[in-house]
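Going down the list, the sequences are from chains A and B.
The working numbering numbers the first residue of the first sequence as 44 and each following residue consecutively.
The working numbering numbers the first residue of the second sequence as -12 and each following residue consecutively.
Treat the hints loosely; a few may be bogus.
[To be verified] Using 30 Å as the maximum straight-line C-alpha spacing, the simulated DSBU-like pairs for lysine-lysine come out as follows:
hint, chain 1, residue 1, chain 2, residue 2
1, B, Lys222, B, Lys18
2, A, Lys196, A, Lys159
3, B, Lys18, A, Lys196
4, B, Lys18, A, Lys130
5, A, Lys196, A, Lys89
6, A, Lys89, A, Lys217
Bear in mind the hints are in silico, worked out from the structure with no lab data behind them.
As a plain string of letters, each chain reads:
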Amino acid sequence: MWQIFHKLGSPKWFFGIATRLMPWLLAGALALLAVGLVWGLAFAPKDYLQGNSYRIIFIHVPSAFLAQSVYIMMATAAVVTLVWRMKLADVFVKAVAPVGLVLTFLALFTGAVWGKPTWGTWWIWDARLTSMLILLFLYGGAIALDRAINDEKSAARAVAVLVLVGVVNIPIIKYSVEWWNTLHQPATFKLTEKPSMPAEMWVPLLLSVLGLYLLFGWLACLRMQTEILVREQRTRWVKEHVLARRAG
Amino acid sequence: MNAETRPLIKHQESAVSTVAAMRAVFSRDMKVAFRQRQDLLNPLLFFVMVVTLFPLGVSPEVSFLREAGAGILWVAALLSVLLSLDHLFRHDFDDGTLEQLVLQPQPLFLLVLAKTLAHWVLTGLPLVLLAPVLGVMVHLDGNSIAVLCLTLLIGTPVLSLIGSIGAALTLGLRSAGVLLSLLIIPLYIPVLIFGTGTVAAATEGAPVGAYVALMGAFLVLAITLAPFAAAAALKISLSNS
Chain A
44 MWQIFHKLGS PKWFFGIATR LMPWLLAGAL ALLAVGLVWG LAFAPKDYLQ GNSYRIIFIH
104 VPSAFLAQSV YIMMATAAVV TLVWRMKLAD VFVKAVAPVG LVLTFLALFT GAVWGKPTWG
164 TWWIWDARLT SMLILLFLYG GAIALDRAIN DEKSAARAVA VLVLVGVVNI PIIKYSVEWW
224 NTLHQPATFK LTEKPSMPAE MWVPLLLSVL GLYLLFGWLA CLRMQTEILV REQRTRWVKE
284 HVLARRAG
Chain B
-12 MNAETRPLIK HQESAVSTVA AMRAVFSRDM KVAFRQRQDL LNPLLFFVMV VTLFPLGVSP
48 EVSFLREAGA GILWVAALLS VLLSLDHLFR HDFDDGTLEQ LVLQPQPLFL LVLAKTLAHW
108 VLTGLPLVLL APVLGVMVHL DGNSIAVLCL TLLIGTPVLS LIGSIGAALT LGLRSAGVLL
168 SLLIIPLYIP VLIFGTGTVA AATEGAPVGA YVALMGAFLV LAITLAPFAA AAALKISLSN
228 S
């Protein structure tokens, strides 16, 4: 148990694991996303109220779900950075912040595209939408702060503090549709309840969410590997790795 | 003689208590501020000027101003607090006082709380006192003005407290001002929404108790958590320089 904990502190060990893990993550992501998206976008039944326009849910919900989930992961890593000063934790925060930003943007954008036919407007200052916009700003702030501080260690710890402070926004997003009586529909999925949709709708949605999780995992590994190579460029194993790459 | 009866390092008997240290930090900040009066006046002038821009730039209609007035005042107050935040630690950082503060035996987050309190008394409180005048200028009725002042009274300390985190994080960076706004404005949005929501409810004659209670909750949350984050951020910024 403790051995794994110590190994997690070693970028070289993670680099090796990630290299072995990544093909599986990518294959799983592509398979799940292909099944989920094709099923959802082409074969799932029409919604009785919204017709075909609801199909964007298969992109909208996974990206919105991941956008919040990634922030929580970043906050967890931020705690690890501040408490245990583990190198990999701040590599993770730095690597995934732009991914989270893109996912949040995707959720807002698909939401706007969905809102136009159903609500008759691209944008409304509704609680769920506004709190997602704040999430976008929080990601942007974390990236900006990271870029502004030159020293790697202080940047990581400063960003960790900022990410932790921003975590108050997550419950606001989550419960915004329940606390305020707004235009946005209530959550599609709940862990504790049976979904209100027919299985032909929620199964592809679930597959898309899981597929996007795997895709995120792959992206996180890829970006973390890049970051590790940059940070450890003076070490011997990186030089050997690069030489082996060039030879092979 | 064994070690137990005679400690290696003897604590000074005249060690300053935490409360006394906080009071000293607070009064020192007040003194420094009152010796540079222009710095005190600038955020207030900025506040008045931003509010002036709306009737000139959007519409001087009484109906518009009455509806938007509370929001305009809140946004202007928020921006002027934001502007003054850069001063919170900057001078102390430049002349080394901040390092001495970090080295004090008293817990840093309490000293930071004292500094933030001084910042609020110097910038937030004057805004609250000035708000009724501007409230009359945007044609708010008496009850709305009273509620507006109450929300500002509860809300501006929250702005100072959250802002202290951003000010501590961006200490010593080159483009600190803009970055500070980028980091802090998202965290200000909930306070703004509830602050203006309270006044809107009051204008419609709805009860405001629940809104005020929520703002009070923000304040309690900010007082208990923000100084910790700001103190941690200060230590990071100082180890950086």
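Subject >> Restraint check for Lys196 of chain A with Lys159 of chain A, where alpha carbons must lie at most 30 Å apart >> reply: violated (45 Å)
**OP:** Compare the distance between the alpha carbons of Lys89 of chain A and Lys217 of chain A with 30 Å, and conclude whether the hinted pair is satisfied.
**Re:** Status holds; Cα separation ~27 Å.
**OP:** Take a quick look at whether Lys222 of chain B and Lys18 of chain B sit within 30 Å of each other, Cα to Cα.
**Re:** holds (25 Å)
Original post:
Between Lys196 of chain A and Lys89 of chain A, does the CA-CA distance stay at or below 30 Å?
Top reply: violated (52 Å)
Subject >> Proposed proximity, Lys130 of chain A with Lys18 of chain B (alpha carbon, max 30 Å) >> reply: Violated, at about 44 Å.
**OP:** Mind checking the alpha carbons of Lys18 of chain B and Lys196 of chain A for me, to see if they're no more than 30 Å apart?
**Re:** Distance ~36 Å between Lys18 of chain B and Lys196 of chain A Cα, so the pair is violated.
Hint compliance for this structure: hints 2, 3, 4 and 5 are broken, all remaining hints hold.
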